[in-house]
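Chemist: Work the whole structure out from these sequences, hints included.
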Amino acid sequence: MTALLPPHQPQFQYTTLPHQTAAVQSLADVLADVRFTPPANVHANPNYVPREAAATLKANLAAVRQRNGVRAGLVHVPDTATPALNLDVLMETGTGKTFTFIETIHRLHREHKLCKFIVLVPSNAIRQGTLKSLQTTAAFFAKQYEQHINVFNYSAKTVGGFIHAASAGAASISVMVATYQSFAGDSKLINKRGVEANLFGQARSFMEALAVIRPVLIIDEPHRFEGAQTQEYLAKFNPLLTIRFGATFKGKNDNEKYKNLVYTLDSLDAFRQRLVKGIVVDTVGSADAAQSLCYLSHHGTAKERCALVQYTKPAGGSATVELRAKDNLGDKTGLGFLDGHVVETVTTKELLFTNGFALPLGEAMAYGMLAEQTQGLIIERAIANHFEREEDLFQRGIKSLSLFFIDAVAKYLPEGQKPAVIREAFEAHYRTHLQRTLARPDLHPPYRAYLERSAADIGKVHKGYFARSHSEKGEEEAIRLILQEKEKLLSFDTDLRFIFSMWALQEGWDNPNVFTLCKLAPSNSQITKLQQIGRGLRLAVNQDLQRVHSDDAAFEHINELTVVVPASEGDFVAAIQSEIAAHSVKGVNRVLSVESLIASGVCKHPLGIWGLMQTLATHGAGVLDVAAGTLTLQPNATVFKAQRAGIGAALGQVSHLDAEGAKAMLEYLDAYYEGHGQVKRKEDKTKPALKVNPTQYEKLKALWAALNRDAVMHYELETPALVDAIVARLARDFQVLPLTINVTRTEQVQDVQRAETTQTAYQVKPHKVFTLGEFVTDLANATHLSLHTVATVLARMPADKFAQIQHNEGRAFAALRDTMNRCVHELLVHKVTYQLRETQVKTALTDSTGALLATIPAAWCGAEMHAIANPAVRAKSLYDEDQMPVDSQIERDTVDESQAQRIAVFAKLPKVDIPTPAGKYNPDFGYALLQGDQAQAMYLVVETKGYDQYGDIPDKERMKIDAAKHFFQALQQEGVNVRFATKLNRDGLLQIMHQIGF
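So for the sequence shown, the working numbering puts the first residue at 3; every next one is plus one.
These aren't lab readings, by the way, just hints derived from the structure by calculation.
Just so it is clear, CB atoms sit at the ideal spot from N, CA and C, and this is done for glycine as well.
Among the hints, a few may not be true.
Stated by the list, open to error - FRET-style restraints, in silico, Cβ to Cβ: (1) 871 x 576: 28 to 34 Å; (2) 20 x 338: 49 to 55 Å; (3) 386 x 596: 46 to 52 Å; (4) 987 x 43: 52 to 58 Å; (5) 457 x 952: 51 to 57 Å; (6) 979 x 740: 57 to 63 Å; (7) 952 x 660: 23 to 29 Å; (8) 333 x 548: 14 to 20 Å.
What the hints assert, rightly or not - EDC-like, lysine to aspartate or glutamate: derived pairs with alpha carbons at most 16 Å apart: (9) 588 x 676; (10) 531 x 573; (11) 684 x 390.
Modeler: Set out below in C-alpha cells:
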C-alpha cells in the first residue's frame, strides 16, 4: 500500500472547478435512485440488480445527456450482470481528468458505499502520475468527504492486500492502480492459478478473486485499451461498472467510439474556457521535401517480412534499401544521424521502429530535422524561447520548465564512443545564452543568483527520462524528480529545468510549468499532436503551488505554451487546429457543409444554408467551393473579430434564415475562432504596449486614485439570521419525493386487439446512505458552516420537511447544500463593508513615485487588441492607440459603443485588485463623464459579462460583483461621484447611462 506524503512537504493547492464538478455530478446522477444491496462477500462491492435498475438507468442517462447537450454515441443499458454498464467521460488533456475520476471514486463511495476500485492506465509514466495524484489529493478529499483512501500500486505483493481489504465502514476505499500490460495474457501473474492459496471461495487466481469482489473499473486513456486481447481480459475482472475517462476514444464513428457518453469537455471547449494554456508555434528552418523516407512495399511472410524503403542520398537523388526486423536504418542508408531507428516490426501497413516511431505504407516522412546541424538550430531556438520568458515568470514566483522530445536515446545518453550530439549541442547553446543573460546590467538580482547557482555545472539544469534511464547509475534522483517529486521539481530550490525524453513522456505525464516544448523527432502516427503538446497544456502554478486561473489579470500572458518545431513538420498550427476540430463532439469545424449546419441546428432549409455560405464568403469569412457545396473558414481569429459586427448584420438579412439561425451561426463562428484562436504562430516582435495619454489621464486620474485606495474589508455573518433565512427557504422550497418504480403489466399479448395494459406505481424502500452524524458532518464540510449551525438548521426544519430526507438521502443532501450556500451568499453580500485608507502610490499606471508611466503592457488590460474603427471613440480613449485591449465579445461591443458625447475619456482598466469575500475583483471599464463642460465631475465603472441574465453569471463571479457594489458605495460616502453597473449581452452602454441618471 502506498504511503501518503509527509505533512511537511508542500502540496498542490486544490480547488474543484465547475467543469470537474459537472462531470462528477453527471456520473452520480446516472446512478441516482438505483437500489444497491449489501454484498454477500465482506470484501466485495455492493451490487444492484441490472434488470430492476435498467429503466431508471436509461431515464437517468437520457436526462443527463440532454442537460449536458450530449448527442454523440448511443445509450445502451444491459439488463444482465455481464457485460457491465459502461459510462464515458470525455475531458481534454490538461483539464484535471485524474482529479475528476478521483473525486468520482469518493462520490460513489459516499452515495452507494462502493469501495473497491481498479484504475487501469496504459503506461508506467501514467501509473506513477496517477499514484502521485492519489497521494497529493488525499488530504483535500478527506476534508471534503471524511473518507480515507488506501492506495495499492499493483504488484505480486500488493494485489492480495487489495483483494482482502475490508469493505465495511464509512471510510474504507481501496484503489489499485495497474497498467494493462499487467493483466492482458494468461502468462501474467494476475491470471496464474495456484500462486496464492489464501483466496476466498472457489478462486484459484488473483483474477478470479477480483471477479468475485465486482470492482469498479476506471480506465484512463481508453483508446489504448482497444486491442482484442486487452478487451478479452478486461471482461475477466467481472466489473460492477466501467467508467472510461479520456481525451481520445477510438472508433470509425461516434456510435463506435462512445459507450453511454455522459459529459464532454473537448479541446475546443477547453481552449474557449481558458482551462488550458494557449499555444504558440515557433517554426525553425524551411521544409525540405526532398529529404524524406517512404515505405514503398513489402514481401515475405509475417515472421520474415521485408520492407522496401526509399530515402534521399546525401549527394542528392533517391535510393532504396531493404529493411528487416533488427536492422539499423542508419547503417543501411549510411546516414549516421538515423542510427536511432532500429526496425522492431514490419507489418503490411507500417514499419515500426524501436524508438517508438512509425513509417506508414506509402506515406513520405521528412527526416531533415534529424541532421545534427538542423537539430542544433532547433535546440538553440528552444533555449532562446526559454530565456525569453524565464525572468518574468521567475519574478511572478513561477518556475519555467522546457521539455525536449528526441529521436534516439544515444544522442543524449552517451553510448560507447558515439558522441551524445543533442546533449553537447544543448550545453553549448545554453552556455551561450546564459552568458548573454548574465551580462545584462538590469537583470533581476534574485534571478541572477538563481542562474549563477548552477553556472559552473550546467549538468544540473538538464536531465533525461528514458526506458534506459532506470539502469543508468546516478539517474535515480532525476527519475524521482521527473516522475514522482513534482512539487520539488517546481521549486526554485531545484536547478533542473530542461527535461529530455523520447516516447516515454509523450502521453500521460504532464507538468503545469512546461512553457517550452521542443520537437527534435518526427511525429509518431500513434500519438496525435495534441497529445504530444498536452504535456505542457496544464495551467501554471506558482511557488505556493496555486494555479494561475483565468480570473488573474496576467492569465493570458503567463499561460502560453511555446512549441518549437522544424519546418519539415509542415503547417503545425493548421494540423493542431484540424485536430481540435476533429475532436469537437459538437461538430464545430472549419469546413461548413449543408450536413454540418443542419446537424448543428443553424438552419434546416437548403436555400437558407446556401445563402448563408454566400454571405460569409462575400464578407471574407471563408472560401466557397460551389462544386463541393462547402465553405472553408479563413483561419485568422483576429480578422474574424474585426469583421464580426458586419457578418452578424449580414446574416440577419439572409432569406430562409431566421433570427435564431443567424444567432446560432454567429455562436458557431465564435466557438470556432475562440478555440482555434488559442493556437497561433510565434511572431518575432515585442509584446504590444499601450502609450498612456497624459492629458486623458488627468480626466480619469481621480477615479484611478479612488480605485486604488487601500481597502480593508469587514463582514460578519450573523448565525441566527442565517439560520432563520435557511429554515424559511427550506419550509417554502424543500421537497424530496419518495422513489417509485412503475410496473407495467400487459395481458393477452398474443392478441393485438385484446391486449390490455395496466400500470402500477410501487414505492421503493429508501436506501440509507448516511448515519445522522455523517450527514451533518458532510453537510458542514460542503457548506463551510459549523457543525452547530448545520445541526440547528436540521433541528428547526418543519417536521414534514425533515421527514422527506429519508426518501432519498443523496438528493436531500444536494438540496440542503445548495439552499444553505445560496442563503450564505445572499446574506454575506449585504454585510460587506469597506474601510478606505490611503491611495496606493505604485499602481498599474504609476511608478513608485506616483508619476504616470509612459507605457504599460497591453496584456495587463486584455488578451487581444480590438481595432477602434470609429474616430469619435478613438478620441475618447485613455491610450494613444487605435486599438483597445479586450477579453471577450461583449468587451468589443462596449468599446464600439463608447461614443456618447458625455464621455470625456474611457479605458479598459488594468488590474486594481478590490478585495471581496470571493477573491480579488478587477472591474473592466472606467469612464469620466462630462457635466456641462467639465470632466472629472462624474465617473462610471462598468463590469461586462457575456450572459443574457444576471442569474446566469457563475456564483463566485456574481458574489464578487455584489460585494464590489459596497466598495463603490464606500467611495460615494467619501465624496467620489462614481456609479457602478453590470452590462450584460442585452444591455447597451447608453441605456445603462440613462438608467443610473447619467
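Chemist: Evaluate each hint against the coordinates.
Modeler: Against the structure, the hints come out as follows:
1. Separation of residue 871 from residue 576 is about 29 Å and conforms to the stated range, judged on CB atoms against 28 to 34 Å.
2. For the pair residue 20 and residue 338, the supplied restraint of 49 to 55 Å holds, since their beta-carbon distance comes to about 53 Å.
3. With their beta carbons about 47 Å apart, residue 386 and residue 596 fall inside the hinted range of 46 to 52 Å.
4. In this structure the hint that residue 987 and residue 43 lie 52 to 58 Å apart at CB holds, the actual value being about 57 Å.
5. Distance hint check: the CB atoms of residue 457 and residue 952 are about 56 Å apart, consistent with the given range 51 to 57 Å.
6. A C-beta distance of roughly 59 Å is found between residue 979 and residue 740, which places it inside the suggested range of 57 to 63 Å.
7. Separation of residue 952 from residue 660 is about 27 Å and conforms to the stated range, judged on CB atoms against 23 to 29 Å.
8. Here the CB-CB span from residue 333 to residue 548 is close to 52 Å, at odds with the stated 14 to 20 Å.
9. This hinted pair checks out: residue 588 and residue 676 have alpha carbons roughly 15 Å apart, not beyond 16 Å.
10. Annotation: proposed proximity of residue 531 to residue 573 holds, straight-line Cα distance about 12 Å (limit 16 Å).
11. Taking the CA atoms of residue 684 and residue 390, the gap is near 13 Å; set against the 16 Å cutoff, the hint holds.
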